[in-house]
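Trainee: Chain residues, written in single-letter form:
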Amino acid sequence: MTSDQIEAQFNLSYPDFTLDVNLSLPARGVSVLFGHSGSGKTSLLRCFAGLERPQFGELSFKGESWQAGKQFLPAHKRPIGYVFQEASLFSHLSAKDNLNYAIKRAIKTSESGSPQIEREQAIELLGIGNLLERQPHQLSGGERQRVAIARALLIQPQLLLMDEPLAALDLPRKLEILPYLERLKRQLDLPIIYVSHSPDEVARLADYLVAMEQGRALCSGSLSETLSQLDFPLKLGEDTSVVLEGIVTERDRTWKLTRVQFDGGHVWLRDSGHAIHSEVRVRILARDISLAKAPHDDTSIINTLAAEVVEIITDEHEGLSLVRLKVGNTYLISRVTRRSAHLLGLQQGLTIWAQIKSVAVI
Amino acid sequence: MNFTDADLAAIWLTLKLATVVTLLLLLIGTPIAWWLANTRSRWKNPVSALVALPIVLPPSVIGFYLLVFMGPNGPLGHLTQTLGLGTLPFTFEGLVLASLVYSLPFVVQPIQNAIEALGQRPLEVAATLRASPLDTFFSVVLPQARPGLLTAAVLGFAHTVGEFGVVLMIGGNIPGETRVVSVQIYDHVEALDYSSAHELSLLMVGFSFMVLLLLYTFNPRAAFSSGVKS
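Heads up: the protein sequence lines correspond to chains A and B, in order.
The numbers in the numbering used here rise by one with no breaks, and the one at position 210 of the first sequence is 210.
The numbers in the numbering used here rise by one with no breaks, and the one at position 50 of the second sequence is 50.
For reference, chain A alone in the conformation it holds in the complex:
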């Protein structure tokens, strides 16, 4: 039986913590396990890797059983790559020898059937060509993590597991590595399970999202499905937003603007340098969408979309409402005061103008 799913069911008990999940993830793209610290996302990832052996567990990858009943494939026999949160390079080996450690033990690609990730390709992809002769202690945190990611790729994994690879780094280092992760995602046809507590990383990398809390998976689904739910179980507060995937269709040279077409409409935003036809992700924060009964042209706002009100709920703060809007086949979330919602007479099915103050390419 072949399948393109990862089916997992784990039950792991510690004296002060219980992990209890039953999940099905797509075996393609980036699935993010998202939650606050202590939510069990790292424990879950370790169960996927075989580093943790739950009392009860069933795990199959594309129809191939890794754990069932008493059967348990140990970590070193699973076709995975793993990137740990903190630096995990072997301290007795140079960066190059750390890569060679993986190359020597790599999965034979004739067995896995997937295309080989060449040494040079991995080095180029992560920009570590000039670091190879150094010892781990001579590398910065970000550089170490890039070497560790390259090493995980060179094992020729069929599934890449990443445990908050950016969490131990400061902001500049994070921004340094994120583009490499995006390239990796675009250039390699490799399913990734990525643990994170950062909404930014979710917005930039996730295709599929699993929200975790207290050892349970609260909800899971594609990024657009999950983020646009008003009752998204993890309170994001100021970060409440939706992410749209679109294509650059026009670049206005005079005003330095880019037009991004998405399923249901288009938005104009500051020219980000992306070529026409390139795929981009844009993020729109709920607080950046205001609502109006009529379109205005006497405003500085350039993006105004006709939308249908789908759902209204009160936000965490009782003075605010979250409004779910439908534009074509795409959902947006707007956050307005409850008074405005009342004065505008917002109700399900009403057509309203969504004025988008700011859109960012991510």
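FYI, nobody ran anything at the bench for these hints, they're computed from the structure.
Heads up, a few of these hints could be off.
Computed cross-link-like contacts, SDA-like style, restricted to lysine to any residue with a CA-CA straight-line distance of at most 20 Å [what the hints assert, rightly or not]:
1. A:K108 - B:S132
2. A:K96 - B:S139
3. A:K104 - B:E190
4. A:K77 - B:L134
5. A:K77 - B:L123
6. A:K104 - B:I11
7. A:K104 - B:S132
8. A:K77 - B:L202
9. A:K326 - A:D231
Note that the structure is a prediction, hence the values are computed from the model and not measured.
Following the hints, position chain B against chain A.
Mentor: Same frame as chain A, now just chain B:
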């Protein structure tokens, strides 16, 4: 210093004994240390206590039981006689065996501490890089525990050089076979030849000081954390 032929023979024998014992102990002690560092077995504490026993027991007690064990009526004595090897007491081989027991904790404990200090993370990293446990042992554990191995070798060697009571019980005083430096010093004192005893004793003090100096200079942390007290 002018050492007699008997002194030189004793020095040579001591170095030979300590070298053989150290090499054998690294081979025997490393797997024991690895097991102790990683096991969750209920046998861990009894085995730890057994390994550490020579640290606290008087050498005469160790020597006595080894003598009985290896003697003509002891279990090992029976075995060696059946194999046509005679008995081990009062031979160099017997001395090697006794020294293995006597110096075991001085080799096992530094290695065990070094392996425990590595923690689980390097082992997990190796597992995610498809290294089997045996592969991990040779490619990660041994190289990373090298300071501990070095400490173990130095302590095992020095401790074997310094043994006296066990040698006397098990090996007696046979020139070129079991008469090591510490026994030779004892003989000099018995014969009231204090100046010869001085020369050999000074050599031992100098040697021991140099060994410890090297250890603390190149490997201060490992020496400090070896947990070995003698």
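Trainee: Has the given pair, A:K104 with B:I11, been kept, meaning a C-alpha gap of at most 20 Å?
Mentor: violated (47 Å)
Trainee: Holds or violated: A:K77 and B:L202, Cα atoms, limit 20 Å.
Mentor: violated (58 Å)
Trainee: Is it true that the CA of A:K77 sits at most 20 Å from the CA of B:L123?
Mentor: Holds, at roughly 14 Å.
Trainee: Can you confirm whether the C-alpha distance between A:K96 and B:S139 stays at or below 20 Å?
Mentor: holds (15 Å)
Trainee: For the pair supplied as a hint, A:K326 and A:D231, confirm whether the alpha-carbon distance does not exceed 20 Å.
Mentor: holds (16 Å)
Trainee: Keeping to a limit of 20 Å between CA atoms, is the pair of A:K104 and B:S132 held or broken?
Mentor: Holds, at roughly 13 Å.
Trainee: Do the alpha carbons of A:K77 and B:L134 lie within 20 Å of each other, as the hint requires?
Mentor: holds (14 Å)
Trainee: Does A:K108 pair with B:S132 here, judged by a C-alpha cut-off of 20 Å?
Mentor: Judged against 20 Å, a Cα distance of about 16 Å means the pair holds.
Trainee: Are the Cα positions of A:K104 and B:E190 separated by 20 Å at most?
Mentor: violated (63 Å)
Hints 3, 6, 8 from the list above are not met by this structure, while the remaining hints are.
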